[in-house]
Amino acid sequence: MVESFNSTAVKRGLAPGSLIHVGEVLDSVTRMSVIDYDKSNVEEVQIESLDEILQYKERDSVTWVIIEGLTNVEIVEKIGAIFAIHVLVLEDILNTHQRPKFEEYDDYLYVVLKSLVLQEGTFSVSYEQVSLLVLKNFVFLFKEKTDDLLDPILMRIRSSKGRMRSLGPDYLMYAILDSIVDQNFVLIDALDEAITSLEEELFDRPTPQTMHGIQRLKRELISIRRYVSPIRELMAELLRSESALIQASTAIYLRDVSDHVVRVIELLESYRDILSGLIEIYISGVSNKMNEVMKVLTLFASIFIPLTFLTGIYGMNFDYMPELKYRWSYPILWGAFISIPTVLLVYFKKKDWL
Amino acid sequence: MVESFNSTAVKRGLAPGSLIHVGEVLDSVTRMSVIDYDKSNVEEVQIESLDEILQYKERDSVTWVIIEGLTNVEIVEKIGAIFAIHVLVLEDILNTHQRPKFEEYDDYLYVVLKSLVLQEGTFSVSYEQVSLLVLKNFVFLFKEKTDDLLDPILMRIRSSKGRMRSLGPDYLMYAILDSIVDQNFVLIDALDEAITSLEEELFDRPTPQTMHGIQRLKRELISIRRYVSPIRELMAELLRSESALIQASTAIYLRDVSDHVVRVIELLESYRDILSGLIEIYISGVSNKMNEVMKVLTLFASIFIPLTFLTGIYGMNFDYMPELKYRWSYPILWGAFISIPTVLLVYFKKKDWL
Amino acid sequence: MVESFNSTAVKRGLAPGSLIHVGEVLDSVTRMSVIDYDKSNVEEVQIESLDEILQYKERDSVTWVIIEGLTNVEIVEKIGAIFAIHVLVLEDILNTHQRPKFEEYDDYLYVVLKSLVLQEGTFSVSYEQVSLLVLKNFVFLFKEKTDDLLDPILMRIRSSKGRMRSLGPDYLMYAILDSIVDQNFVLIDALDEAITSLEEELFDRPTPQTMHGIQRLKRELISIRRYVSPIRELMAELLRSESALIQASTAIYLRDVSDHVVRVIELLESYRDILSGLIEIYISGVSNKMNEVMKVLTLFASIFIPLTFLTGIYGMNFDYMPELKYRWSYPILWGAFISIPTVLLVYFKKKDWL
Amino acid sequence: MVESFNSTAVKRGLAPGSLIHVGEVLDSVTRMSVIDYDKSNVEEVQIESLDEILQYKERDSVTWVIIEGLTNVEIVEKIGAIFAIHVLVLEDILNTHQRPKFEEYDDYLYVVLKSLVLQEGTFSVSYEQVSLLVLKNFVFLFKEKTDDLLDPILMRIRSSKGRMRSLGPDYLMYAILDSIVDQNFVLIDALDEAITSLEEELFDRPTPQTMHGIQRLKRELISIRRYVSPIRELMAELLRSESALIQASTAIYLRDVSDHVVRVIELLESYRDILSGLIEIYISGVSNKMNEVMKVLTLFASIFIPLTFLTGIYGMNFDYMPELKYRWSYPILWGAFISIPTVLLVYFKKKDWL
Amino acid sequence: MVESFNSTAVKRGLAPGSLIHVGEVLDSVTRMSVIDYDKSNVEEVQIESLDEILQYKERDSVTWVIIEGLTNVEIVEKIGAIFAIHVLVLEDILNTHQRPKFEEYDDYLYVVLKSLVLQEGTFSVSYEQVSLLVLKNFVFLFKEKTDDLLDPILMRIRSSKGRMRSLGPDYLMYAILDSIVDQNFVLIDALDEAITSLEEELFDRPTPQTMHGIQRLKRELISIRRYVSPIRELMAELLRSESALIQASTAIYLRDVSDHVVRVIELLESYRDILSGLIEIYISGVSNKMNEVMKVLTLFASIFIPLTFLTGIYGMNFDYMPELKYRWSYPILWGAFISIPTVLLVYFKKKDWL
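So the protein sequences, as listed, match chains S, Y, R, C and Z. For the first sequence, counting from 1, position 68 maps to 68 in the working numbering; every step adds exactly one. Heads up: take any position in the second sequence, counting from 1, add 1000, and you land on the working numbering. Heads up: take any position in the third sequence, counting from 1, add 2000, and you land on the working numbering. Heads up: take any position in the fourth sequence, counting from 1, add 3000, and you land on the working numbering. Heads up: take any position in the fifth sequence, counting from 1, add 4000, and you land on the working numbering.
Honestly, the hints are just simulated from the structure, not real lab data. Heads up, a few of these hints could be off.
Stated by the list, open to error - Pairs of lysine-lysine, DSS-like flavour, derived with a Cα cap of 25 Å:
| id | chain 1 | residue 1 | chain 2 | residue 2 |
| --- | --- | --- | --- | --- |
| 1 | Y | Lys1350 | Y | Lys1295 |
| 2 | C | Lys3349 | Y | Lys1289 |
| 3 | R | Lys2295 | Y | Lys1351 |
| 4 | Z | Lys4289 | Y | Lys1295 |
| 5 | Y | Lys1289 | Y | Lys1351 |
| 6 | Z | Lys4351 | S | Lys289 |
| 7 | S | Lys351 | Y | Lys1295 |
| 8 | Y | Lys1101 | Y | Lys1145 |
| 9 | Z | Lys4289 | C | Lys3289 |
| 10 | S | Lys295 | S | Lys350 |
| 11 | Y | Lys1057 | Y | Lys1078 |
| 12 | Y | Lys1295 | S | Lys325 |
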């Protein structure tokens, strides 16, 4: 499996709610940015200390705080203190082995899920945990490392066009979820390609490596499914939620994300079935191969063993063997050497053994 | 898999609701037709611009607008503007990778599903996405290309007989759904034939090609199921819907479609089981074949190897080998050459090895 | 599969509700009989025209109309007209590819299911569609051909004993359903026998024919299950129904039928598992067989190939081969010819290879 | 399968509710006993006629009537008449092919299930149907034969200790159900042992008999599961029941039985998985065996065939073969006879083929 | 399977509620400790008699009684008497074959589950049953033996920091459940390692031992799943419970445990799929191996058998064989000896047989 639980094991003795970072460290530096926007203005700043965000608390605009890198536990602790976030939520943010889930609290919503990014080269996936805290005018986004995941959304905020700027934090949440879910289609595209190439390999020249390739893909698929399928449930709960933080007009957008998730899951299931089919093809291919080899062996052995027996007879040294004296024995035997294989070959052909 | 997601990938960076066509282009020209009918009159026109349909807005008759070809994004945009359709619905119409679904809005219903058409030649299926917008007096139908899918319905509207003309847009919607669902029976007919012919091949002369044929069918089946099974859910939601746009009398017709969908899905499941059975037959057939080949080899080797050993003995050149001088040695050996195989054959026969 | 969908395909272009017979014609003549009964009287008549049943409309007695053979579409049409039956129901009666289902209408109930009858000879099943229309004082039963399916029920009506005569059309419906469902136990009995005989064959002398037998049974089972499992749901809906046509006292009888259906389905599932087990036995049996054959080959080859090599050595014609001159060479070699196989056999035995 | 349905088949023509015994006759004599008890007194009698139980009708004590042997149909009929039991219940009591179920009537409860008893010797199970009728002060228990199933309960009634005597018929029902369900643990114990011994056999010396053993166990398991799993549902319905015949304080005991049933079912599922694993081990074991045999063959053939060829060369009778005259030819050839196998063996070893 | 049911079998004859210890005895001595704590004080004592805990009944502090070792039945009996615990609960505490479950009573809650601890050495798990009785101010914990399971919780109570000390018995219950559930992550870590090492073995040098290793792991997994999956349900019931003993603020903590359980179960499912994949790899690996061996055999046999036949021809002793006299026969034959294998090798190579 991709993840290691050693750190979970290490944490076992601690009181629940003790804030430490659990999971592999993907990025050891922590970066914080604030994007504050409303219909008319956008303000983007890199901040060093959380105190700088206090000023946005009074404003009516949407304030989006992005925290990249989770090693600095104090930041999470401080956000918890300022905005009265439950300690278990803070713990979940810092523990990157979360199952995707949605939790509704009185004053905020908490969403955690995995962003799946395709790695270059052979088909392999990297997982990054993304946590969202949605408050009345604030959205906190925690991610494990710096990458370009959020660039398209930032672009849309910067350009004054589109609905983005005139809508609230719930729409921002939707935009982020949509962006993370739609990444999976890229993944599926690559999966399709990987399977197709394996399939061709299987028909052309199956090797044990092909089998390993299939198994590797199968495991990758198991792991992807494990992170994607809970999102269906997450979205269902989000849609059922009656929190004042989600406006009625946003629900229709969330339903759209939900549809996409269902489609992704169904596609993953299809690929699972197809992979099982590939294994069947491989195993039947190996059997066919052996059949062919066996036929060659049988062909050679069945034809030459009787002939060799014949030569053996006339290689014996008995004093009394009348055929040895006979003038035409040798040519007649040659006739047998030619006719016996012919008869056998015709017979085998007819029996469809060869 | 049949579809490519590259375009989905391309779209990822865009704001949701940005209208662009996503999916393979099946037809690059867009054709628009209007069929306006009520009990007494039918009017059919090919139109060039959407402005031409504005006149029907005032009438009480049912106006059916058919848009074939989805590359002209502006048409969809304009319909959205005129009839106040949600931007996500417009987006879904243009994206041909939709999962079949039904969505209910205050003033209109949205249904999207796949029309599955059997291709000529070997068993293979083409998929066309059909979207339906049902309004008070209007039905918009969007499809990817021009074909004869709707001809039977058009025929029924033209002939003044039947219920068609005296009923509303919901009955038209039913007629379209019914027509798309019932196509699947033709598919299943062809599937049945394809499986039967594979099965005969399997019993007569199984080759690796037969195995590939089975696998190809299995994948086609996976893909069909993926597009057909969500329709069950779609119909269930349609039946549960309490929209004023669906009249009570239409519900019974929709239930009929729903029954057909369930039957199609159950048949597909049966064929899945049968295909798995074919793979088992194939694999056991390969084993049987190898068994037969092995038996031939064993027969030849077991009989001739001992005999050859015998000839080897009397081919040795020892000075002192009394048998060589003996007058009857050679005929006696011939007796052995005949009796040993006979004994072995009888023994093998009895042990049921050959 | 058993059925052909060609006719469904043919019908695709028609308006829903166009009454034509769809399905294989099992009986081309249509027979109509009326059994009218109450506590005190029974009247049985063969009728030629539907007009003859109009007289029963006024009576309080239960009138059971049996229509055998579905090719005469007009009869169904006329019943629809007289008793105000929905056109889709009429269509379903005539289409013999129905999934078993129950539909409740204001004035009547519609039940359609398959009667499964075991064919003589090898295990094979024939399917006949039976439709029931239950009205206030009427029960219409449509079946595809003339057979003895209903004889036991007719007998019970004729004899004045039993509850039959004193109860209403709902009890008659129950009696018919019960009779059709209980037929399946006969089927399962035969299935059990067929499986047991296959199993014995498998242990005694497995051939590819045994495998085909298993597969044939498996397909038959798939097909039976397809027609039987929806009856569970049908019965559940019937039990949930609050129609005034079903009296409270009948519910308990229907529950009994429901129990039987569940039992039949569970038995079918068991047999499915057992059939899978048979396939496993077959495949492992084939492997064992090959193992045995291989062992014979190995035995012969391993013993005689080294000996033949030995004879080869002393068959060489070198001028200088001192052993050839030696008086005891030949007897010593015979010693080797006997001791080498003995040693090998003991070794193989010990290693459990043979 | 264990049971035969011939009798069901025979019964098919009869009116529902016709009382005849259906199923294999396990005991042809019918025995009746009455145990009447309350806090202070216990009375046990063997009775000959049902009239003898009428006297208990007036008393407040719990009267438990045990009927062993089901061939005497009149007894059941008479009980039905005296206590107004529905005819379908009476029918179910007499038909020993019942699926375990619970039915609630106004004045009585009906429970039917199977008592599973392990047979001596190899693992095999006998099934006995037990029916319970629970009335206000009466409990009727019908079983197919005389055995020691109820002895522990009788013992507890006789001894005045324990809750038994001071509680009502519902507690007696619980005690009986508990006793029947807990028998299954003995079964599972034996199953565990049987599987363990099969497993050892599989690792030591797998034979086709082992495979048959596995299959036999698998079928036994299928059959056990078929009788045990419906009890889960039965208990759930019993717990949901609001019948006045079940006191609130008994519910907690019934829940305990329910827990046990769930545990039994989960254990059975585990064993199913384990049995599938055994089949996999067997098949892979057969393959390994064949591999080993093949290796021996290959070893012998690959080493001696080339050597025999060499001897063949110098056994030829050409006039001009200079090597034959050469003094050291023979010893040099012996060198080849020794070095070639050595090289091959080393090579095979290195390639890990042998 | 891990557990033996012999003792269950032994108990079968007893009245329900007879208190005896059922299950393997893990520790024959019973130890009792009391930890009484509130915000300001902690008191820890080892007690000898239950009478010593009576004094805590009056206090408001949380009193946690830990009973290690279950052989002393009287202790459980006495607790039952003092705190009015239902006899079935007491029975469940003493029977260590419980399925994890939660039961709610008026004055107390009962939770029973298994603590899974990884054994040193190869992957193997030991199971210990832990029962919890939660009362107003008391928590009783029963476990089978003395180990360090509770040490971290004790540590947290002793240190005055953290929420522990200021919260009630429900929070203590949560802490214990959390601790037991989180142990499973350590298990999964080890499982992952065991699978990875098996996988490497499989790719490097698969032996029947590897197969046994896989099967052993599979059984261990079946057994783990059997004890872990019911905890999901247990937690769900705990969360649904409206008992006054669970405070609203604790619910959120319990939800956290519930999330962890779901994650553990999903991980276990993933590993199950992966293990099945390993078996497939193993079987295909065995086939590949045999293929390779067969190829060697075929190579040797196909090349040398024809050559040996050639030498056989010229080893014959016919008087009239003109080639024998010919000066260049022998060198020409050597040409054949070299060219025939070359041609065959090239041909095999091209056909991809070798």
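Q.
Please verify whether lysine 4351 of chain Z and lysine 289 of chain S have alpha carbons no more than 25 Å apart.
A. Since the Cα atoms of lysine 4351 of chain Z and lysine 289 of chain S sit roughly 11 Å apart, the hinted pair holds (cutoff 25 Å).
Q.
Check whether the Cα positions of lysine 1350 of chain Y and lysine 1295 of chain Y lie no farther apart than 25 Å.
A. holds, 14 Å
Q) Taken at face value, is the distance from the CA of lysine 1145 of chain Y to the CA of lysine 1101 of chain Y at most 25 Å? A) holds, 20 Å
(Q) Tell me if the straight-line CA distance from lysine 351 of chain S to lysine 1295 of chain Y falls inside 25 Å. (A) Holds, at roughly 13 Å.
Q) Does lysine 350 of chain S lie within 25 Å of lysine 295 of chain S when you go C-alpha to C-alpha? A) Holds - the C-alpha atoms of lysine 350 of chain S and lysine 295 of chain S are around 14 Å apart, at most 25 Å.
Q. Between lysine 1289 of chain Y and lysine 1351 of chain Y, does the CA-CA distance stay at or below 25 Å?
A. Distance ~20 Å between lysine 1289 of chain Y and lysine 1351 of chain Y Cα, so the pair holds.
Q.
Checking one constraint from the list: CA of lysine 3349 of chain C to CA of lysine 1289 of chain Y, max 25 Å. Satisfied?
A. Distance of about 31 Å is beyond 25 Å: violated.
(Q) Just to be careful, I want the Cα atoms of lysine 1057 of chain Y and lysine 1078 of chain Y compared with a cutoff of 25 Å; is the pair within it? (A) holds, 15 Å
Q | Satisfaction of hint between lysine 3289 of chain C and lysine 4289 of chain Z, Cα-Cα up to 25 Å | A | Since the Cα atoms of lysine 4289 of chain Z and lysine 3289 of chain C sit roughly 12 Å apart, the hinted pair holds (cutoff 25 Å).
**Q.** Satisfaction of hint between lysine 325 of chain S and lysine 1295 of chain Y, Cα-Cα up to 25 Å
**A.** Judged against 25 Å, a Cα distance of about 39 Å means the pair is violated.
(Q) Check whether the Cα positions of lysine 4289 of chain Z and lysine 1295 of chain Y lie no farther apart than 25 Å. (A) Since the Cα atoms of lysine 4289 of chain Z and lysine 1295 of chain Y sit roughly 22 Å apart, the hinted pair holds (cutoff 25 Å).
Q) Under the criterion that the straight-line Cα-Cα distance not exceed 25 Å, is the pair lysine 2295 of chain R, lysine 1351 of chain Y satisfied? A) Cα-Cα ~13 Å, so holds.
Consistency with the previously given hints fails for numbers 2 and 12, ordered from lowest to highest.
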